[in-house]
Amino acid sequence: MRNVLLNPSARQIIIAKATLFIVGLLPLARLVWLGVNDGLGANPIEFITHFTGTWTLVGLLTTLSITPLRKISGWNWLIRLRRMLGLFAFFYACLHFTTYIWLDQFFDMQMVVKDVIKRPFITVGFLAFVLLIPLALTSTNAMMKRLGGKKWQRLHRLIYAIAVLGVVHYWWLVKKDITQPLIYALVLAVLLGIRLVFKAQIRIPVVMPKHNPE
Amino acid sequence: MLIKKADVLKAADVTPYEIYLQRRDFLRAGSALAVSALLPGVAEATTRLSGIVSSPYSTSEEKTPYKDVTTYNNYYEFGTDKSDPAENAQGLRTRPWTISVEGAVKRPKVWDIDALLKAFPIEERIYRLRCVEGWSMVIPWEGFALANLIRQVEPTGSARYVEFTTLHDPAQMPGQRSSVLNWPYTEGLRLDEAMHPLTILAVGLYGQTLPNQNGAPVRLVVPWKYGFKSAKSIVRIRFVEQQPKTAWGRAAPSEYGFYSNVNPQVDHPRWSQARERRIGEFFKRKTEMFNGYGEQVAQLYQGMDLRKNF
Ligand code: HEM
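Protein chains in written order, with numbering that gives the first Met the number 0: chain A, 0 to 213; chain B, 0 to 309.
FYI, nobody ran anything at the bench for these hints, they're computed from the structure. Heads up, a few of these hints could be off.
As the list claims (entries may be wrong) - Subject to a maximum C-alpha distance of 25 Å in a straight line, what follows is the list of computed DSS-like cross-link-like pairs (lysine-lysine):
#	chain 1	residue 1	chain 2	residue 2
1	B	Lys-81	B	Lys-66
2	A	Lys-70	A	Lys-150
3	B	Lys-285	B	Lys-244
4	A	Lys-117	B	Lys-62
5	B	Lys-307	A	Lys-113
6	A	Lys-150	A	Lys-113
7	B	Lys-66	A	Lys-113
8	B	Lys-283	A	Lys-174
9	A	Lys-149	A	Lys-70
10	B	Lys-108	A	Lys-175
11	B	Lys-66	B	Lys-307
12	B	Lys-81	B	Lys-285
13	A	Lys-117	B	Lys-285
14	A	Lys-174	B	Lys-285
15	B	Lys-105	A	Lys-174
16	B	Lys-108	A	Lys-174
17	B	Lys-117	A	Lys-174
18	A	Lys-174	A	Lys-113
19	A	Lys-198	A	Lys-117
20	B	Lys-62	B	Lys-285
21	B	Lys-62	A	Lys-175
22	A	Lys-117	B	Lys-307
23	A	Lys-113	A	Lys-70
24	B	Lys-81	A	Lys-174
25	B	Lys-117	A	Lys-113
To be verified - So, partial list: chain A residues that the calculated Cβ filter (under 10 Å) puts toward chain B:
#	residue
26	Ala-41
27	Glu-45
28	Lys-113
None of these values were measured; they are calculated from a predicted model. Glycine included, every Cβ here is placed at the ideal spot set by N, Cα and C.
Same shape as in the complex, but just chain A (with noise of 0.2 Å):
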């Protein structure tokens, strides 16, 4: 018998994608939910930037947790599943973005153009925003060809910077209580740190090839 999460079919995969997909949708059906029931609290639009900023950032963790969850379980196919996060994570930035142009701003161009520039929580954010584009962009089979893993790889190292200044913008912003994104950074320092760990265990080996057998 063959286990399920080490190994499991094509099939199986293309379950796990359906289901992710619907859960990737589940917050974005809970926040129209709410706003057809009146559920958005006195300052919807406050609530509607906070709710994608904080599904953007929680889409930006989810996806920098595959590498770690699959390296700690030897799950591999869980890799399969890392595209459509990060997709998600930009999904939920359009949102964020378009709420804050739109909603907020209403396309007052003059007004973001000096927020972005004036304001460091905003320029941060726009900042991982425009970050986040081109990963969107190179995000399909083809643009991985077409780059190569290599360089692919490189240019999508990105998600890290793109991580900390969503940290740091949603820290920027807060008026006192840094609860939340005090969370979300230790959240964040975990992840990374896993990295490096891993990184100096591989190279363990390699530093010191007395202790490999004959």
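Could you slot chain B with the ligand onto chain A? The hints should help.
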């Protein structure tokens, strides 16, 4: 000009929705009181205020619905989310309650809240409220000019500022168990600001006593300053010579100055103050100098650099 005399016709023209809400609240208050008689100290609901007179200082702008005024609150003593105070403030006991008026005064006095409620005629003051975060409301407060109380205690010559202190009781105020701010919450005004006829001590809103999440049983309302200047659930009013330290000023001196007058030209270091979103409206509107009360208060700041004294 934005401030108009309360229009008599308009006042009689109250929207049925509010009356409905108030009646419903009244009924709910009744049943809640019955319950709280069985459980002393728990869930003191609001009760109707009587004998309210209207005021020429009221605006005729559309009022923010009762529900929004009482569920979207910044009151860190009960949590930092806007919805926290409505959820967590219900355990606050507002009786017995005393307010100590002290410091540089000839006749200091410890007021019992029920005596204070009867001491001065209660006026309705429909004021704009502008939060430092960039949103605003229009709230029908009930209260009386702080100047009434100040005259009674006769400040001495060395009384140049007034300091307000909020209750400090982590058992009742769960937010105080974390150190987001330096508790207790304190605020301050210059004596002439405190004496200004627009400055009130509010004891109610929408014709009812204050809900706990709005600062029961008594709070300050200074409509030309950002909302956080208006200290809630006050237990002490002290007259002092030196400019008092304020809770937000201690937390972030570069962001929250002592004056904190609403000023569209002076941005918060991290966001713009040029516009605001009136709760319930889609488009942002321009923020007015002194929140639209410039005609009444601008002379208080004549010759001052409001960029420096933000
Ligand atoms: C990858 C990019 C981004 C991430 C991860 C992100 C994340 C977040 C998060 C987590 C919040 C706070 C949510 C909360 O308080 O519950 C937020 C708020 C906000 N974000 Fe972003 N954001 C991003 C990009 C942007 C961009 C491009 C803009 C605008 C140009 C923007 C504008 C805002 C605004 C205006 C707020 C609300 C601020 C407030 O209420 O004071 N964000 N964002």
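Evaluated hints:
At roughly 13 Å between alpha-carbon atoms, Lys-81 (chain B) and Lys-66 (chain B) fall within 25 Å of each other, so this suggested pair holds. At roughly 22 Å between alpha-carbon atoms, Lys-70 (chain A) and Lys-150 (chain A) fall within 25 Å of each other, so this suggested pair holds. The suggested pairing of Lys-285 (chain B) with Lys-244 (chain B) is violated, with an alpha-carbon distance near 31 Å, which exceeds 25 Å. For a cut-off of 25 Å, the pair hint linking Lys-117 (chain A) to Lys-62 (chain B) is broken: about 34 Å separates their Cα positions.
Our distance criterion of 25 Å between C-alpha atoms is met by Lys-307 (chain B) and Lys-113 (chain A), whose separation comes to about 23 Å. Taking the CA atoms of Lys-150 (chain A) and Lys-113 (chain A), the gap is about 35 Å. The hint is violated against a cut of 25 Å. In summary, the hint linking Lys-66 (chain B) to Lys-113 (chain A) is not supported, as the alpha carbons are separated by about 35 Å, beyond the 25 Å threshold. For a cut-off of 25 Å, the pair hint linking Lys-283 (chain B) to Lys-174 (chain A) stands: about 21 Å separates their Cα positions.
Between the alpha carbons of Lys-149 (chain A) and Lys-70 (chain A) the distance comes to roughly 20 Å, so the proposed pair stays at or under 25 Å and holds. Using a Cα cut-off of 25 Å, the hinted pair Lys-108 (chain B) and Lys-175 (chain A) is violated, with the two alpha carbons roughly 35 Å apart. Of the pairs offered as hints, the one joining Lys-66 (chain B) and Lys-307 (chain B) is violated, with about 38 Å between alpha carbons and a cut-off of 25 Å exceeded. Between Lys-81 (chain B) and Lys-285 (chain B), the direct Cα distance comes to roughly 23 Å. Compliance with the 25 Å bound is thereby established for this hinted pair.
Distance restraint check for Lys-117 (chain A) and Lys-285 (chain B): the Cα-Cα separation of roughly 19 Å lies within the 25 Å cut-off, and the hinted pair is therefore satisfied. In summary, the hint linking Lys-174 (chain A) to Lys-285 (chain B) is supported, as the alpha carbons are separated by about 22 Å, within the 25 Å threshold. Under the criterion of a C-alpha separation no larger than 25 Å, the hint pairing Lys-105 (chain B) with Lys-174 (chain A) is inconsistent with the structure, at around 40 Å. Proximity of Lys-108 (chain B) to Lys-174 (chain A) is assessed by CA-CA distance (about 37 Å); at most 25 Å being required, the pair is judged violated.
With a C-alpha separation of about 38 Å, the suggested pair Lys-117 (chain B) and Lys-174 (chain A) falls outside the 25 Å cut-off, and the hint is violated. In summary, the hint linking Lys-174 (chain A) to Lys-113 (chain A) is supported, as the alpha carbons are separated by about 21 Å, within the 25 Å threshold. The hinted pair formed by Lys-198 (chain A) and Lys-117 (chain A) fails the criterion: a straight-line CA distance of about 39 Å is larger than 25 Å. Distance hint between Lys-62 (chain B) and Lys-285 (chain B) is fulfilled; the C-alpha atoms sit about 18 Å from each other, no more than 25 Å.
In summary, the hint linking Lys-62 (chain B) to Lys-175 (chain A) is not supported, as the alpha carbons are separated by about 29 Å, beyond the 25 Å threshold. A threshold of 25 Å between alpha carbons decides the hint, and for Lys-117 (chain A) with Lys-307 (chain B) the separation of about 20 Å falls inside it, so the pair holds. Distance hint between Lys-113 (chain A) and Lys-70 (chain A) is unfulfilled; the C-alpha atoms sit about 44 Å from each other, more than 25 Å. Distance restraint check for Lys-81 (chain B) and Lys-174 (chain A): the Cα-Cα separation of roughly 13 Å lies within the 25 Å cut-off, and the hinted pair is therefore satisfied.
For the given pair, Lys-117 (chain B) sits about 51 Å from Lys-113 (chain A) by alpha-carbon distance, which is inconsistent with the 25 Å threshold. A cut of 10 Å between beta carbons decides the hint on Ala-41 (chain A): the least distance to chain B is about 4 Å, and the hint holds. Here the hint on Glu-45 (chain A) is kept, as its CB sits about 7 Å from the closest CB of chain B, short of 10 Å. Of the supplied interface hints, the one on Lys-113 (chain A) holds, with its beta-carbon coming within about 8 Å of a beta-carbon of chain B, less than 10 Å.
The structure shown violates the earlier hints numbered 3, 4, 6, 7, 10, 11, 15, 16, 17, 19, 21, 23, 25.
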